[in-house]
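Throw the hints in and build the complete structure from the sequences for me.
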Amino acid sequence: MNVGESRSVNAVLGVLAWAAGLLFFFPVFWTVLNSFKEEQDANTSPRLLFDPTIDRYRDVTETTRGLLSFREAFTNSFVIVVVSTVIVLLLAIPAAYALAIKPIEKWRDVLFFFISTKFLPVVASILPIWILAREFGLLNTRIVLVILYTAMNLPLAVWMLRSFFQEIPRELIEAAEIDGAGLRGQLTTVILPIAVPGIAATALLCVIFAWNEYFFAVQLNPVDASTMPIWVTTNISTRGDFLAKLSAASVLASLPVVIAGWLAQKRMIRGLAMGAIK
Amino acid sequence: MASVRFESATRLYPGTDRAAVDQLDLVIADGELLVLVGPSGSGKSTALRMLAGLEPLDSGSIYIGDRDVSGVRPRDRDIAMVFQNYALYPQLSVAENMGFALKQKGVPKAERIVQVREAARILDLEPYLDRKPKHLSGGQRQRVAMGRAIVRRPLVYLMDEPLSNLDAKLRVQTRTELAELQTRLAVTTVYVTHDQVEAMTMGHRVAVLKDGVLQQCDTPHKLYHEPGNLFVAGFIGSPAMNLVPGDVASPIGIGGHELELSQDAAVAAGGAEQVVLGFRPESVTVGAGEITGEIRVVEDLGSEVFVHVGIHHRNEVVPVVAKLPAPFLGRPGESVSVGVHGAVHVFDGSTGLRLTTSPAAAQRVAG
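Chains A and B are the protein sequences, given in the same order.
Counting from 1, one number per residue, gives the positions in the first sequence under the working numbering.
Counting from 1001, one number per residue, gives the positions in the second sequence under the working numbering.
With a straight-line cut-off of 30 Å between C-alpha atoms, the simulated DSSO-like cross-links for lysine-lysine are:
hint	chain 1	residue 1	chain 2	residue 2
1	A	Lys118	A	Lys102
2	A	Lys266	B	Lys1134
3	B	Lys1169	B	Lys1134
4	B	Lys1323	B	Lys1169
5	A	Lys266	B	Lys1132
6	B	Lys1132	B	Lys1103
7	A	Lys102	B	Lys1105
8	B	Lys1134	B	Lys1109
9	B	Lys1103	A	Lys102
10	A	Lys102	B	Lys1134
11	B	Lys1222	B	Lys1169
12	B	Lys1210	B	Lys1323
13	A	Lys106	A	Lys118
14	B	Lys1132	B	Lys1109
15	B	Lys1132	A	Lys102
What the hints contain is simulated information worked out from the structure, not anything from laboratory work.
Just so we're clear, the structure is a prediction, and the values are computed from it rather than from any experiment.
Below, the structure written as structure tokens:
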């Protein structure tokens, strides 16, 4: 392929990439746009120009007695997601160490066991889970979702962290070992600082999965300790126009994840390990 | 400071049949710089890692001083190690990197600063103490890695090819500095390299390993002039020693010309079925001598010239290298006469062991 040819191929690929990008972005863009409209504007023929209003946001965040409020759902989600993610990291970091840095015997089997817990479709396990939750009096509590989201994200976190830990130059850990650092010293001086981008990426995924989880939440916590995805559905009305209001609710539900992504991205700077070796 | 002793130290990697280090017996004197050298896969790095405690021993034991450290954790062995890729802590500054081991030991901060400054002064690193490793050049990183080792005075320094990531010029310069530093600090040092020039120039003694087995451990001079076997003979020296097969049945000779062996040498060689004759390139003359040959390649290094010649020996053309002073006027393709003057080693063809060496002065190929 000559230079001119490859340049025109690149141009075509560029246009295709933009088209695909816009196609994916458009629904998000339209949702955000709709959330600032009056209901009648949102439901009539699509218009780009309109008088923006934040009334819909006011509507959805209003607290009505007897109904799941934004504040309540947000607090529940926030607590459940943060607590479960912290627990996942606390468990997954030592597990990943044992699988990547000082591999235990049969680490392959252990690794496979972790992922095998994800083989069963959640629908197939919901009945026993529901019965267990009821027996332990955990229905409609934050605890039940913390437990489930921890269990749900743990295998993934172990797998991800293991591969990040494996990329840490082995000599660095050995150098720390010879320099007199114990396990804690090795973790704090070598492993964790270098694995920060990986840990941030793992935490982000855990946050996203837990924040967006709907099935367990709606089955186990429909009354109390309900989470944001459930709150979004409460804004679906069976009568009248609802598109703008639902859009506002969707934007509010997605915003924390977007912020979490932005925060995590700042941590995911590449090349942190640069200068360590060679 | 202490001596180091390997006693039948063996390491067999799981899933392999052949030991990476096989029954290694080696004594390293207090303050000595011993170089472990060998081709890749010879077990030299494994031997070092066993001494560091990074590889467990499958049998045998290792002593530092009088203490059996075979089961002791790396951090309790009082050693310092310099890694091939330096292994600097990327998020710590040069000063923090160098002071890390002291901090782990619980040395007070004020004292740490003094010791780090002292090491930095020795290694010319003072201007860089606050920098992170990524803002240093390769040579500076190498010095920080050294600094991390010398900042404390351990019983033994372990160095795993510390110069192999430097460019050729810097490597030669650092080699000298390192040898000087080691003499000054007088800390027992075990140095691993695959580079025989590095081994010969730096080591007080050099241990040559092959396939996990120690071949010979001697001073550079002895290794060069009295190699214990064919492997050491071929490995040490550049260009390599000329090795030419010969039989015992007929008088030992090269290119149809009998080799004058001393009486003792002839007796020693008599027991072997096959022998291999070895002579250094500097023992070969081109343009004078009784053997006929043809020039193949001429490598002019300026100060000296390596001349590759094919000689007729036992109905074959055998390659021989001569190291001659410059200038050399012959060209490839020319027929020349070749002679051997100097020490000729006689090796047992089947065991590879050196049987005898003809004294250099008396040696020449008779017509």
